[in-house]
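Q: Residue numbers (our numbering), protein chains in the order written: chain A, 1 to 477; chain B, 478 to 969.
No wet-lab data here; the hints were simulated from the structure. Among these hints, one or two may not hold up.
With a cut-off of at most 30 Å between alpha-carbon atoms, the simulated DSS-like pairs for lysine-lysine come out as follows [said to hold, decoys possible]: (1) A:K77 / B:K713; (2) A:K216 / B:K806; (3) B:K834 / B:K735; (4) B:K834 / A:K77; (5) A:K131 / B:K869; (6) B:K942 / A:K131; (7) B:K763 / B:K942; (8) B:K869 / A:K77; (9) B:K714 / A:K131; (10) A:K216 / A:K343; (11) A:K77 / B:K763; (12) A:K77 / A:K173; (13) A:K216 / A:K295.
In this text, all values refer to a predicted model and were calculated from it rather than measured experimentally.
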Amino acid sequence: MSKAYETVIGLEVHVELATRTKIFCGCSTAFGGAPNTHTCPVCTGMPGSLPVLNKAVVEKAMAVGLATNCNITRNCKFDRKNYFYPDNPQNYQISQLYYPICRDGKVEIEVEGKKKFVRIHEIHMEEDAGKLVHDPYTDSSLVDFNRSGVPLIEIVSEPDMRSADEVIAYLEKLRLIIQYLGASDCKLNEGSMRADVNLSVREVGAEEFGTRTETKNLNSFKAIARAIENERERQIDLIESGEKVVQETRRWDDTKEYSYPMRSKEDAQDYRYFPDPDLVPIHISDEWIEEIRSKQPEFRDEKRARYREEYQIPDYDIDIITNSKKLADIFEDTIALGAAPKKVSNWLMVETMRLLKENVMDPEDIKFTAKNLAKLIKLVDARTINGNVAKEVFEHVFAEDIDPEAYVKEHGLATVNDEGALKTACEAAIAGNSKAVEDYKGGKEKALGALVGQVMKAMKGKADPGSVNQMLRELLK
Amino acid sequence: MDLMSLTAVTLGKKIKAGEVSVAEAAKACMDSIERYDSEYNCFVTVADREGVMKQAEEIQKKIDNGELTGPLAGVPVAIKDNMCLNGMLTTCSSKILSNFVPTYTSEAVEKLIEAGMVIVGKTNMDEFAMGSTTETSYYGETKNPWDKNKVPGGSSGGSAAAVAAEEVVCALGSDTGGSIRQPASFCGVTGIKPTYGRVSRYGLIAYGSSLDQIGPLAKDVTDCAALLEIISQYDKKDSTSVNRDDNDFTGALVDDVKGLKIGLPRDYFSEGLDPDIKDAVYAAAKKLEEKGAIVEEFDLGMVEYTIPTYYIIAAAEASSNLERFDGVKYGYRTDSYTDLHNMYKKSRSEGFGPEVKRRIMLGSFVLSSGYYDAYYVKALKAKALIKRAYDKAFEKYDIILGPVAPTTALKMGESLSDPIKMYLGDVYTVPVNLAGLPGISLPCGYDRDGMPIGLQMVSDAFNEKTIIRAAYAYEQTREYKRPADVAERGQN
Chain A
1 MSKAYETVIG LEVHVELATR TKIFCGCSTA FGGAPNTHTC PVCTGMPGSL
51 PVLNKAVVEK AMAVGLATNC NITRNCKFDR KNYFYPDNPQ NYQISQLYYP
101 ICRDGKVEIE VEGKKKFVRI HEIHMEEDAG KLVHDPYTDS SLVDFNRSGV
151 PLIEIVSEPD MRSADEVIAY LEKLRLIIQY LGASDCKLNE GSMRADVNLS
201 VREVGAEEFG TRTETKNLNS FKAIARAIEN ERERQIDLIE SGEKVVQETR
251 RWDDTKEYSY PMRSKEDAQD YRYFPDPDLV PIHISDEWIE EIRSKQPEFR
301 DEKRARYREE YQIPDYDIDI ITNSKKLADI FEDTIALGAA PKKVSNWLMV
351 ETMRLLKENV MDPEDIKFTA KNLAKLIKLV DARTINGNVA KEVFEHVFAE
401 DIDPEAYVKE HGLATVNDEG ALKTACEAAI AGNSKAVEDY KGGKEKALGA
451 LVGQVMKAMK GKADPGSVNQ MLRELLK
Chain B
478 MDLMSLTAVT LGKKIKAGEV SVAEAAKACM DSIERYDSEY NCFVTVADRE
528 GVMKQAEEIQ KKIDNGELTG PLAGVPVAIK DNMCLNGMLT TCSSKILSNF
578 VPTYTSEAVE KLIEAGMVIV GKTNMDEFAM GSTTETSYYG ETKNPWDKNK
628 VPGGSSGGSA AAVAAEEVVC ALGSDTGGSI RQPASFCGVT GIKPTYGRVS
678 RYGLIAYGSS LDQIGPLAKD VTDCAALLEI ISQYDKKDST SVNRDDNDFT
728 GALVDDVKGL KIGLPRDYFS EGLDPDIKDA VYAAAKKLEE KGAIVEEFDL
778 GMVEYTIPTY YIIAAAEASS NLERFDGVKY GYRTDSYTDL HNMYKKSRSE
828 GFGPEVKRRI MLGSFVLSSG YYDAYYVKAL KAKALIKRAY DKAFEKYDII
878 LGPVAPTTAL KMGESLSDPI KMYLGDVYTV PVNLAGLPGI SLPCGYDRDG
928 MPIGLQMVSD AFNEKTIIRA AYAYEQTREY KRPADVAERG QN
């Protein structure tokens, strides 16, 4: 007879901050670049080099902390985490253990209509490591320090989540907050957001937590959900069969859908943390906090309310658009250029979503600008192009952010407004489709559609369907 | 004229006046190193003569056209081998850095270059500045010019001995627990350990980051003040660098101590202090009193805690600072290894000497889980109390006067066999580093064997000018004395 179990989950979320330069030197954080080209004596751990803190990192960490209702530590410090690994050039990582920048926060999540808070234990700043590249030809490993020193924050939650759905809701919430802040693009698949899952199970009603494991290498929301389900079952099986859960770190293999132990608590390293003497404590004043607070953007919940009020678009549209900072920005910017909210929302909800799906892209990957979407809408409003042509032009706007006006002109896509040509085409359609003409005259409204189609074809799609309709009706009177 | 017997400032004046060319000065220095360094082993690396002469020529041009006007323009200088110099081997006197050539220059050395000084080489030191004798160097010990059977002190023993042996007229050292002041004392020269934060540490290969400071070693206070003025500048590359506008130290070279309040800590004159040193320091205090200073004895306190506190903090920081020497990116790598960890282990075991290993182990121990609070955190508290003891003293006194070391230079090999004894020799110098204060060491006499005795003056943070003034005033009461071997050179 199996008992009822409750899953207890806490998350450690690493987020790469979108600063222009690294956390302790002036090197670029840009992706790509030949190995070891975004490096200097500091981020390669050369003897005698010293770290100097990038203020932008502190400000972004503070912004995330304020947005997640944390207390900001007024005198925070950096500590050294000592461990040997070739991707870690100093063999210590500069991180925060004793005085992290943010503490005691919370965010509200909603799952199936039920709201709850997930508490945040702390947020600390640290530096990323380099990358090891194995060369199979020489059977040697090479180190690329381009990522070494890229700023990270680690957001550590309390063990407040009870299901994979809650975990996803929490991560989505963090992602949105951080994207809205412009603090990071938060892409799990590219590693700019990484989540480690701490999970234990206990009998329903039990007060003590069970022994927890930490699962790493989770690169998508789906992987996280699968890993949680898998680990929950693994732990319950162990308990049911009278065995003990071992406190350990496990690595998730998403293709094989199982996890395996990386290291147990027994061989856990002693990191010998101590305050980094090369960096001075960071004094954060009330004024500085207020300055950051005053610069906080409008977050999703506020945006939703305002859209409802200002733009009168459906709640469904609002949810989709505000679910991405990028979409919301394009939406607002296009409206600011004079387009009607409902029309902008239609372009985003229908064509944009379709193309994103076809190209397997996130809204954050959108390259087109509000300027060109606004121009396209203007062309349609002015009846310069018809709906079908507009869709075709939009595909180019989406792919290459082309200027629709220039594109229409260049490719001769403008609607033909030549009355004579239109009349000739209509007359030809009437002459060649006696069946449809008869049906229409016999009262079948729908039969007109076939005639319109013929005219559009003859006009190579460049006629305005409304004008065609009107012309045909007049000729058939 | 033997140019190397001049002080740096005198040589600088002669260069400025056109009496001596930069090339002549550089040549004299290179000749002296070439001729005498085999006797003392002050240098790990001597700069290439051709390069030095070329530099001298360029500097001469800049002096002639008025671009370089500083008091030490054209003067040759040596730097301790823990300061990076672009293109020159920088070893920290360790096997593990035996092939390390940096691509950047430490900020303090950059300032020397900007001032038109000619870098003639890198001086020997205790490996990674860990030691008080310069015997832990992978490149052999440096000998004391006053007695070649004795140590020059350390860790800046190469710099101090090079000045005493007149291979150079001045040098830079670094001081983490006395590494400028103690060798200055043992070699009969003058050295200043500046306030923590006064001189940039950028490019100085760290030993104890919260304690390390670069400072000058030279024949007299005037030279030290001039050098310190050059290297003291705010540097945004060092977060612990402090932005000050009171770096005009040569202005403090005034022979006037009237009304200056000097405290002699009674705790420094108890057991373990050589009686000759005690007498010399008291005599110096008397001289200052005769010049109008007010001298009093007082109890400083905390003395018994300074050695353990220092060795916990310095070793803890060192254990982490020295992790980067792993055979992966630069420096020595073992010849054969089976895997990554074996490579780390063998490279480090073969690359570090015994004293460095001892401090890495000590430091790793005090930071390890379960001992961190009992040792490291407690040491930080003791450090704060030591600072407080000084703060209290400086409410009453402008200067604290005392010995630099409990003994004069020891015989070679004597302290290596007994590390605790060597550690205890740092008792008067380490609290100054723990409190981040400036200190000067200058000659004040000779012991029964004729070995030099050093006098230490310490002031409150950023009050270097006070000790420079007092030291200068005291210096006026005596003559600079050269080691016998050096003084006899001209005669054969």
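Q: Taking the hints in turn, state whether each one holds.
A: Now for the hints, and whether the structure bears them out:
1. Pair hint K77 of chain A plus K713 of chain B holds up; C-alpha atoms about 19 Å apart against a cutoff of 30 Å.
2. Using a Cα cut-off of 30 Å, the hinted pair K216 of chain A and K806 of chain B holds, with the two alpha carbons roughly 28 Å apart.
3. Annotation: proposed proximity of K834 of chain B to K735 of chain B is violated, straight-line Cα distance about 49 Å (limit 30 Å).
4. At roughly 29 Å between alpha-carbon atoms, K834 of chain B and K77 of chain A fall within 30 Å of each other, so this suggested pair holds.
5. At most 30 Å may separate the alpha-carbon atoms for a hinted pair to count; K131 of chain A and K869 of chain B exceed this at roughly 51 Å.
6. A threshold of 30 Å between alpha carbons decides the hint, and for K942 of chain B with K131 of chain A the separation of about 50 Å lies outside it, so the pair is violated.
7. The suggested pairing of K763 of chain B with K942 of chain B holds, with an alpha-carbon distance near 21 Å, which does not exceed 30 Å.
8. The suggested pairing of K869 of chain B with K77 of chain A holds, with an alpha-carbon distance near 28 Å, which does not exceed 30 Å.
9. Among the hinted pairs, K714 of chain B with K131 of chain A is consistent with the structure: their alpha-carbon atoms are about 26 Å apart, no more than 30 Å.
10. For a cut-off of 30 Å, the pair hint linking K216 of chain A to K343 of chain A is broken: about 44 Å separates their Cα positions.
11. Taking the CA atoms of K77 of chain A and K763 of chain B, the gap is about 47 Å. The hint is violated against a cut of 30 Å.
12. Of the supplied pair hints, the one linking K77 of chain A and K173 of chain A holds, its CA atoms being roughly 28 Å apart against a limit of 30 Å.
13. Of the supplied pair hints, the one linking K216 of chain A and K295 of chain A is violated, its CA atoms being roughly 34 Å apart against a limit of 30 Å.
When held up to the earlier numbered hints, the structure conflicts with 3, 5, 6, 10, 11 and 13 and fits the remainder.
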